[in-house]
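Chemist: Let the hints inform the model, and build the full structure from the sequences given.
Going by the numbering used here, the sequence shown opens with residue 258, and the numbers climb by one from there.
Since the hints were made in silico from the structure, they are not lab data.
Think of the CB as a built atom: it goes at the ideal place given N, C-alpha and C, for glycine as much as any other residue.
Mixed in with the good hints there might be a few duds.
To be verified - Here are the simulated lysine-lysine pairs, DSS-like style, with alpha carbons at most 30 Å apart:
(1) K410 to K430
(2) K264 to K480
(3) K457 to K400
What the hints assert, rightly or not - Pairwise CB distance ranges (calculated):
(4) P427 to K305: 17 to 27 Å
(5) L512 to E428: 40 to 50 Å
(6) D390 to P522: 48 to 58 Å
(7) S281 to K554: 13 to 23 Å
(8) L381 to K554: 18 to 28 Å
(9) E612 to E428: 22 to 32 Å
(10) S608 to A401: 38 to 48 Å
(11) T458 to E622: 37 to 47 Å
(12) D459 to R394: 26 to 36 Å
(13) K305 to E612: 51 to 61 Å
(14) L381 to K457: 53 to 63 Å
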Amino acid sequence: MCASSKKEILQLPLKVILTEEGVSQFIRQKKRLLRFKLADNVEESGIKFTEFTPSSLQQMMHLDYVSKLEISMPEFGSSRQEIMDLSKLIVFSVLYKQFDRQILTALLETNCIRHHNRANPAQLLDEKTQIPDNILRSRMVGKAAVINQAREKILEPIWDSIVNNDELSPEEKNINLLMAEKFLNRLSLFNWYIIVKFFKTDGFDEMLSSIRSTLHDFMDKSKIAEYISLMVMELALNSENTNMKKVARVLYRGLDDVDTLIFDPDIRSKIIQELEKKHEFVFISWKLGGGSTSIGKQGRLQITLYNKNDEFQEFKENVEGKKSANLNKKSLIDFYREGQEGADLGLYYLSYLDEACKKENVKFESLVNQFASNDLTVISLTFNF
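Modeler: Okay, here's the thing in structure tokens:
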């Protein structure tokens with residue numbers, strides 16, 4: 258597990274849907290936006306990539322420019338590592354943003370801030386305070402040494418606990434040390450302004466305690482990213498195999514063992530070509546929170562897998578019309594228990610994911626919608642960090 262992708266460039270067909278802030282920024286920079294239809298047949302504005310650097314994508318998410326991401330492919334096995342890297346990158350981006358919000362909430366609740374606000378009613382520091390970044394930067398000029406001291410003060414006991422943890426391997430220790438720094442590096446300028454302003458003042462120890470406690474919580478939450486990426490990949494591969502077997506039965510009528518067929522390299526290549534021709538792709542979408550103004554939903558991540566075919570318009574109409582007579586709705590665990598292929602591995606990942614979410618107080622819900630008329634399966638995984 259790592260806080261960012263190991264690859265410098267990810268080669269995936271990625272659609273990035275922009276927030277209002279993102280659209281405005283791209284228009285100001287005179288960059289051309291695209292209109293495209295997503296898996297749910299809704300048209301959105303955004304940009305497309307065939308390859309991208311993880312750092313640039315994460316920066317866009319950090320700036321609240323991204324509302325949704327989507328990939329669609331006939332097969333996922335050949336891109337397994339890239340898709341898992343992308344999934345972890347998205348989860349970490351949500352965690353970084355939520356960490357920053359919770360740090361601000363924790364700081365504003367300290368006695369340092371309460372005393373400051375009582376003594377300086379014209380210079381209140383609260384959730385409504387908005388100081389432009391250029392002003393914050395001017396106030397932070399010459400504070401680099403203080404920032405470094407504060408950073409070391411925050412991290413020192415955390416580093417010690419990691420280094421002295423005999424249950425961690427040397428590689429795990431390095432990953433955790435790096436992760437602690439990465440979370441702090443994602444803190445907003447406003448949070449650092451508050452930390453620097455009250456550094457070494459009476460009551461700063463309370464701030465230190467709050468920051469360390471929140472950092473510890475989010476480092477534990479970050480373990481969930483690995484489970485999520487494994488779960489998403491398993492669901493994608495199962496959907497892919499379902500599509501391939503359906504095509505194999507048509508192309509190779511009379512042969513019973515389609516399981517073996519789809520793993521023959523030459524036959525598999527022909528099946529993928531047929532899937533591309535019919536546009537029977539599996540779609541994965543990641544919907545990020547509710548934007549910076551959606552109170553209570555900023556830490557939300559919804560992952561949806563669509564097994565799309567030519568009759569997908571009917572699915573859209575069924576959803577919009579709520580035609581429940583044609584809909585079989587169940588939890589993901591029920592879906593697996595009803596004899597789905599790959600159930601053992603899927604239940605294994607789901608069990609670990611569910612257990613990790615409960616342990617770290619992350620709300621996790623899963624839902625499977627199946628449409629009898631066209632064999633469509635839509636799986637939603639929702640997390641609230």
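Chemist: All the hints need checking, so say for each whether the structure fits it.
Modeler: Structure-based check of all given hints:
A C-alpha spacing of about 19 Å is found between K410 and K430, which places the hinted pair at or below 30 Å, so the restraint holds. The hinted pair formed by K264 and K480 meets the criterion: a straight-line CA distance of about 20 Å does not exceed 30 Å. Taking the CA atoms of K457 and K400, the gap is about 14 Å. The hint holds against a cut of 30 Å. Hint check: P427 to K305, Cβ distance near 41 Å, so the stated range 17 to 27 Å is violated.
Checked against the hint of 40 to 50 Å, the C-beta distance between L512 and E428 comes to roughly 46 Å, which is consistent with it. A hinted range of 48 to 58 Å for the beta carbons of D390 and P522 is consistent with their spacing of about 53 Å. Take S281 and K554: their Cβ atoms lie about 21 Å apart, and the range 13 to 23 Å holds. About 26 Å separates the C-beta atoms of L381 and K554, a value consistent with the hinted range of 18 to 28 Å.
Evaluation of the 22 to 32 Å hint for E612 and E428 yields a pass: the beta carbon distance comes to about 23 Å. For the pair S608 and A401, the supplied restraint of 38 to 48 Å holds, since their beta-carbon distance comes to about 47 Å. The hinted range of 37 to 47 Å is satisfied by T458 and E622, whose Cβ atoms lie roughly 43 Å apart. Here the CB-CB span from D459 to R394 is close to 27 Å, well matched to the stated 26 to 36 Å.
Between K305 and E612 the CB atoms are about 37 Å apart, so this pair departs from the stated range of 51 to 61 Å. Distance hint check: the CB atoms of L381 and K457 are about 22 Å apart, inconsistent with the given range 53 to 63 Å.
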